[in-house]
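> Sequence:
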Amino acid sequence: MAHKPSIPKGTRDFSPSQVSKRNYIFDIIKKHFRTFGFQPIETPSFEKSETLLGKYGEEGDRLIFKILNSGDFISKVDDVTYSSKKSNTIAPKISEKALRYDLTVPFARYVVMNQNELDFPFKRYQIQPVWRADRPQKGRFREFYQCDADVVGSKSFIQEIEFIQLYDSVFTDLGLKGVTIKMNNRKILAGIAEVIGAKNLLIDFTVALDKLDKIGIEGVQKEMLEKGISAQSIEKLTPLFSLMGGSLERLESLKQLLADSEIGLEGIKELTYIIKGVEALGLKSSKLGLDITLARGLNYYTGAIFEVSAPEGIAMGSIGGGGRYDDLTGIFGLKDVSGVGISFGLDRIYLVLEELNLFPENIENTLDVLCVNFGEDEAMTALQLISKLRESGVKADVYPTATKMQKQMKYANNRKVPYVILIGAQELENKTFVVKNMVNGEQTEYAMNAIEEFLKVL
RNA sequence: GUGGUUGUAGCUCAGCUGGUUAGAGCGCUGGUUUGUGGUACCAGAAGUCGCCGGUUCGAACCCGGUCUUCCACCCCA
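Residue numbers (the working numbering): 1 to 458.
Heads up, a few of these hints could be off.
[What the hints assert, rightly or not] With a Cα cut of at most 30 Å, we get these calculated BS3-like pairs of lysine-lysine:
1) LYS30 x LYS155
2) LYS236 x LYS182
3) LYS93 x LYS123
4) LYS97 x LYS76
5) LYS227 x LYS214
6) LYS21 x LYS123
7) LYS395 x LYS407
8) LYS93 x LYS138
9) LYS97 x LYS138
10) LYS431 x LYS30
11) LYS211 x LYS287
12) LYS269 x LYS287
13) LYS182 x LYS30
14) LYS287 x LYS138
15) LYS66 x LYS48
16) LYS388 x LYS416
17) LYS93 x LYS66
18) LYS236 x LYS222
19) LYS182 x LYS199
Honestly, the hints are just simulated from the structure, not real lab data.
Input sequences plus hints: build the corresponding full structure.
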């Protein structure tokens, strides 16, 4: 072997302990998806390029992994295109498929393709990896899992309320207390843009506003100026930064600022309804907050938008997000289907749970019982015992070779096995087995025909 | 995509302005202990110093390239 093997940038191998911890999170998320009435679907890892390209903005397109065509694909490119040396022109000729970038767009495609079979409102959840050709950072990978739940075919804001409860249920169950669910509404952002006269610069406007807590008011104003929003417009924005009070109070104040914007007022009405609903039902451990500056990148959101941030003091980007999109299926030819959904960022939740030491202790316990091997006859007897334990659902194993006891005990210790069974010559003769509790070192002898006694201890 | 950062034993890291046989802790192997792990003591193995090239009498150390890591942009889970 000339070089040590390695894996591509931004990808990871997962050890047994890491997989156990990841599954712990997956299982909890799935459990709550199901109890909220969502059904699972899966879609292919790769889609036709046309399905994905142009759905995430220019920046998104750049981050989509494109798959080279099979066969002698270069020879099929005409000379003019080939010699142009322009990636954007050549790429479509040599690549017709791309790795899925998120789960929402493939879901929209799925809904359109199966519109006649689905019962609307259709609630689905989907837990699969996605790929982005991004530059990796902490909590940012090129291959990572998304855990999505969406509802399509219902304009009711009860859905939004339920998604906030779903977030709360999952994070409470994970023991992650004090997460903040930030909420805003694209209609409010559109309203503000309209009122200040920057309607046609909505995207630049929201992107700049989104950075408020990072670069401050002056930074936001500077960026808006650079993007071509007039100083006059920016001036009109000032009252926005000094809104006071609770969510509902701030919405009330906002009403006056957006009095001339129909769409803005609509957004306020929606958020007021949702916040009142959530307040009436109550949250178990999360906090719901209104954040007028929350924008979120993806262009397809049209109504409420959510973003979940880790509890205070944890340096981690958002651990979940979502929102309502009124016309996602429209791009695939199915009009007037409103959808709303949320996503959990598994990898980041993992990092947060790890940092706060919130994984249950027994999660890495992959073996309950190890039987020491003393030799051929003893091992055969041990195997009979182990088989019975396995039938009762106990994770049990026999050490495969009769090496030194010290080595076998050490192996049990490293694997964090709570019980070691000893069957040596003496036990063989007495038809018994000795169980050693690896935590307190105590040993108990059981009769071979009284396995139930031992099962009670487990 | 832009700018920066990191890479030395299985792991975490030392290694002075380039100087001869590259170190520590943990882990691993063996022993003290031939039916007992987690503690202690003793001994031992293990590294083409990320990779390729250059400068130099001489490179882990300087220079260039490349891959990787992390960070700030961009964007986002």
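> Against this structure, judge whether each hint is valid.
Do the hints match the structure? See the list:
Between LYS30 and LYS155 the alpha-carbon distance is near 24 Å, which keeps this suggested pair within the 30 Å criterion. Among the hinted pairs, LYS236 with LYS182 is consistent with the structure: their alpha-carbon atoms are about 24 Å apart, no more than 30 Å. Taking the CA atoms of LYS93 and LYS123, the gap is near 37 Å; set against the 30 Å cutoff, the hint is violated. Using a Cα cut-off of 30 Å, the hinted pair LYS97 and LYS76 holds, with the two alpha carbons roughly 16 Å apart.
A C-alpha spacing of about 18 Å is found between LYS227 and LYS214, which places the hinted pair at or below 30 Å, so the restraint holds. For the suggested pair LYS21 and LYS123, the alpha carbons sit about 27 Å apart, so the restraint of at most 30 Å is met. Annotation: proposed proximity of LYS395 to LYS407 holds, straight-line Cα distance about 20 Å (limit 30 Å). Under the criterion of a C-alpha separation no larger than 30 Å, the hint pairing LYS93 with LYS138 is inconsistent with the structure, at around 35 Å.
For the suggested pair LYS97 and LYS138, the alpha carbons sit about 29 Å apart, so the restraint of at most 30 Å is met. A threshold of 30 Å between alpha carbons decides the hint, and for LYS431 with LYS30 the separation of about 46 Å lies outside it, so the pair is violated. Our distance criterion of 30 Å between C-alpha atoms is met by LYS211 and LYS287, whose separation comes to about 21 Å. For the hint linking LYS269 to LYS287, the alpha-carbon distance of about 21 Å falls within 30 Å, and the restraint holds.
For the hint linking LYS182 to LYS30, the alpha-carbon distance of about 23 Å falls within 30 Å, and the restraint holds. The suggested pairing of LYS287 with LYS138 holds, with an alpha-carbon distance near 25 Å, which does not exceed 30 Å. Between the alpha carbons of LYS66 and LYS48 the distance comes to roughly 10 Å, so the proposed pair stays at or under 30 Å and holds. For the proposed pair LYS388 and LYS416, the alpha carbon gap of about 22 Å is at most 30 Å, so the pair holds.
Using a Cα cut-off of 30 Å, the hinted pair LYS93 and LYS66 holds, with the two alpha carbons roughly 12 Å apart. A C-alpha spacing of about 14 Å is found between LYS236 and LYS222, which places the hinted pair at or below 30 Å, so the restraint holds. With a C-alpha separation of about 24 Å, the suggested pair LYS182 and LYS199 falls inside the 30 Å cut-off, and the hint holds.
Consistency with the previously given hints fails for numbers 3, 8, 10, ordered from lowest to highest.
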